[in-house]
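We have chain E; now place chain F onto it with these hints.
There are 2 protein chains.
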Amino acid sequence: MNGAETLVQTLLASGVRICFANPGTSEMHFVAALDQHPEMRCILCLFEGGVSGAADGYYRMTGEVAATLLHLAPGFGNAFANLHNARKAQSGVVNIMGDHASYHLRFEAPLKGDTMGVSQAVSHWTRACSDAKKVASDAAEAVQAARAKGGQIATLILPANTAWEEASSFAVAGLPPALHRPSLAEVAAASRALRTPGAILMIDGPALHSDLGLLAKRLTKACGARLMQPFFAARFRRGAGVVKMERMAYRIEDNQKLLAGASSLVLCGTARPAGFFAYPGLPSTPDDPDTRLIELCSREMDIDWTLRALAAELGEAELTPDDFVPLDLPTPAEGPLTLAKVGESIAALMPEEAILVDEGITASAHLAPGLRRALAHDVLTITGGSIGFGLPNAVGAALACPDRKVVVLEGDGSGMYTLQSLWTMAREGLDVTTVIFANRGYQILREELAAMGVNEVGRNAQQMFDVEGPQLDWVALSQGHGVQAVRVDDMAGFNAAFAQAMGQKGPRLIEVVC
Amino acid sequence: MNGAETLVQTLLASGVRICFANPGTSEMHFVAALDQHPEMRCILCLFEGGVSGAADGYYRMTGEVAATLLHLAPGFGNAFANLHNARKAQSGVVNIMGDHASYHLRFEAPLKGDTMGVSQAVSHWTRACSDAKKVASDAAEAVQAARAKGGQIATLILPANTAWEEASSFAVAGLPPALHRPSLAEVAAASRALRTPGAILMIDGPALHSDLGLLAKRLTKACGARLMQPFFAARFRRGAGVVKMERMAYRIEDNQKLLAGASSLVLCGTARPAGFFAYPGLPSTPDDPDTRLIELCSREMDIDWTLRALAAELGEAELTPDDFVPLDLPTPAEGPLTLAKVGESIAALMPEEAILVDEGITASAHLAPGLRRALAHDVLTITGGSIGFGLPNAVGAALACPDRKVVVLEGDGSGMYTLQSLWTMAREGLDVTTVIFANRGYQILREELAAMGVNEVGRNAQQMFDVEGPQLDWVALSQGHGVQAVRVDDMAGFNAAFAQAMGQKGPRLIEVVC
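Chains E and F supply the protein sequences, listed in that same order.
Mapping to the working numbering: the first sequence position 475 is 613, numbers consecutive.
Mapping to the working numbering: the second sequence position 26 is 164, numbers consecutive.
Read the hints as simulated data drawn from the structure, not as lab findings.
Do not rely on the hints blindly, as some may be mistaken.
Given that identical chains are not distinguished, each listed pair holds provided it fits within a single copy or across any two copies.
Cut-off 35 Å, straight-line C-alpha distance, at most; resulting in silico cross-link-like pairs (DSBU-like, lysine-lysine) [said to hold, decoys possible]:
| # | residue 1 | residue 2 |
| --- | --- | --- |
| 1 | Lys-250 | Lys-395 |
| 2 | Lys-382 | Lys-395 |
| 3 | Lys-382 | Lys-250 |
| 4 | Lys-287 | Lys-250 |
Just chain E, with the same shape it has in the complex:
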């Protein structure tokens, strides 16, 4: 049995069941070993950003670690941006990165690069395997690391000879170390703060998509505190029947208003809110300088235990219908197309328990009021702010939940970063409907330039903000990848196309000219 074979056996024995791959030559023995194990599902992505983004989406919807297969330093570089998003989402991912045979590294082969440097820049755990006989134990540790602290990026660098040289047997990942907890004294102090009028409890992580959200609602209702969630979250529940929770906004000025006058801000599973960027003349953080900030439980600590400990201190109020978002389905509107109406139509037509991957960027702000009126669904957002997350995440989410409809809200600028994921949707027959908001430019940049205090846009800036001359034809791009597509420019067209997509299984794309 060679090292590659022990790797695949170790992954399987450790509960890793899916591998998103874009392999190259240095991973050929791993590919050969995968051939012996059809129980490992291999999903080909035509670009490594699709690989890492899919692993992220898969984890967000299952809590299970996926493996990726990446090709040396440049291949890892291509995966970097969506690993950044995955890291910020606290998704557990095991990257298997091939490298040259260890004895080959002293020569100047074209693909020789700094595998360790590029992986350490985004991974929580990185190791270069030194011996075929250590592949199994290293891989088991990688899986364990990916599951530690609520989800981490673990990267195992596998020199080609460790894959093909003789090894002995597989290993099984141990349980990750227990999560750290705040002290009882800290819980008691936070509870006292939450009982003070004007307090806010801000939660994130699993609390946004599990019964922990109900618990948080009951305990904040018991003590009279506000319950809030960050703007960007790996996954949160939204729509009819979902427990009511305030959500932070994108702009720091809006968040300053939201948080103004709070007596304390207790953080559980999240860090101190910060502006997406710093802007001249604005603070980095939106919280009121008079508010007491209590960092009770960081994102890598034991959120579950902490919320239960808070509940034990504060009690749990009974929830009433008023604590849940009421059913208020909009009716699809007709006439000229507006983003607000599109949001309502999506809400009206999207089935219950859909998964909505939101990379609509500037469009999403206009869509959100309508979307809040949809049936209950999960929302995945761009946690790391690095565009190109949407289509790959949808691939992972659809593979994780084959019985749920996935809807991607995608900007035309951001969609272009990882459009290759459309092909994987077609190959795997994934039930994903992609809605492209074609404003023909980087609208976010126009707005950010103004936020930076620059209000005149000259030729060079114009050239860098506009995606026109030529216009992208998303229908052609989608069909080129094997995904059926249609372009719409009024509400009747959108409603018909979206209703049809919701009524069928399989990938679809709708280009919305807006």
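Just chain F now, with coordinates in the frame of chain E:
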């Protein structure tokens, strides 16, 4: 004057005239400063891999450093693979990477990442600017570093506040340090070795596309040594009238035969040849263990001086017509399509002084015999082995040489990595003809798996090698980006489409089903 303004002025004063950009919010003040300087040409690419690849192609054809504009750590990650190729091509590139305002970095903003780590993994020179008043001097040093040692990757990290805070004035890049030279004793020893029968002089870098190639030919003719070039080169001359030179092959077994029995192998501007990968049972290096290896002048040393010094020792023979590739234009063949015939047709129809960007991967081996019979042209190859180099490099080459026809030979697998570059070709009206060889899979991986000793391909491997189910439609993909395209599957179709593309200006794509 703010830091961003001094940056743009410094780049211009230092001779940087073009900026390939995919900016984000953290670079908005730089964008605003660019607006004040229309003499800096800004080229938008819809993905950062297009940015870095274009800067590489631009340098290869001009020897001039281009600037890139990249967005924080994930944006740099997206640029990483083609920076790797540029590094291996010894292309000088100045990356301007934005970052959060320095005082914002202590908070957990979504886009906070390891800007220094990811850039150091591929850059020769990296600096994070600490003060708006230092932007100018740091930028001047970055340009100088990019020009040092024959071409380097220099990355300047620019926290947003150093762009918008007050600065004083611009700076001008100093000359790079003089290149290191071998000693006269080393030159004399190498000359003695070259006079010994069976010696080989291997050259790279500017010697492959300048008059230095003629000099190398004259001195090797004078001493009776063989003259050779590596397989992968940033740029080399080929075709009728070009000086004859042996070229290394891709496979190590072929290179072992080429180098067998050599008395010595003198390296000038290149490193010891190494296998693209290590393979079980094969050596890492193809040179004969009995050959004396003389590393006279490494790639970052003074190749020009060294060749002249060798010529001074060895003399220069007169060159005769027999030392140049004779004119032997093929005639376009008809009938069923084969890659060999396509190579001949391209050679027959391609104008003199075309620029041929070769990322045909497995197809290129079959095309090469025909292409060698073309009129004189420059060839750019995938120096770092990281696929996705072709289309972006062509963008840079076409901008560098607007009066020359650029032809890209592109695999369907590799083309998918950076297909967004087609849009930039359309926007800028670049005279680029892209030929996609649609073998519907990663043919190179099928061959490499066999080279690794694995001859059976099972379901998982098949799934990872084939790009079918669905087939990519490159005509649709191209048109979606605004580039006219046609699909051909016989020689008559190819000849007509390629002749038409050669006869017109502007971007075209031909999908060759093979």
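Under the constraints set out in the numbered hints, which ones does this structure not fulfil?
none
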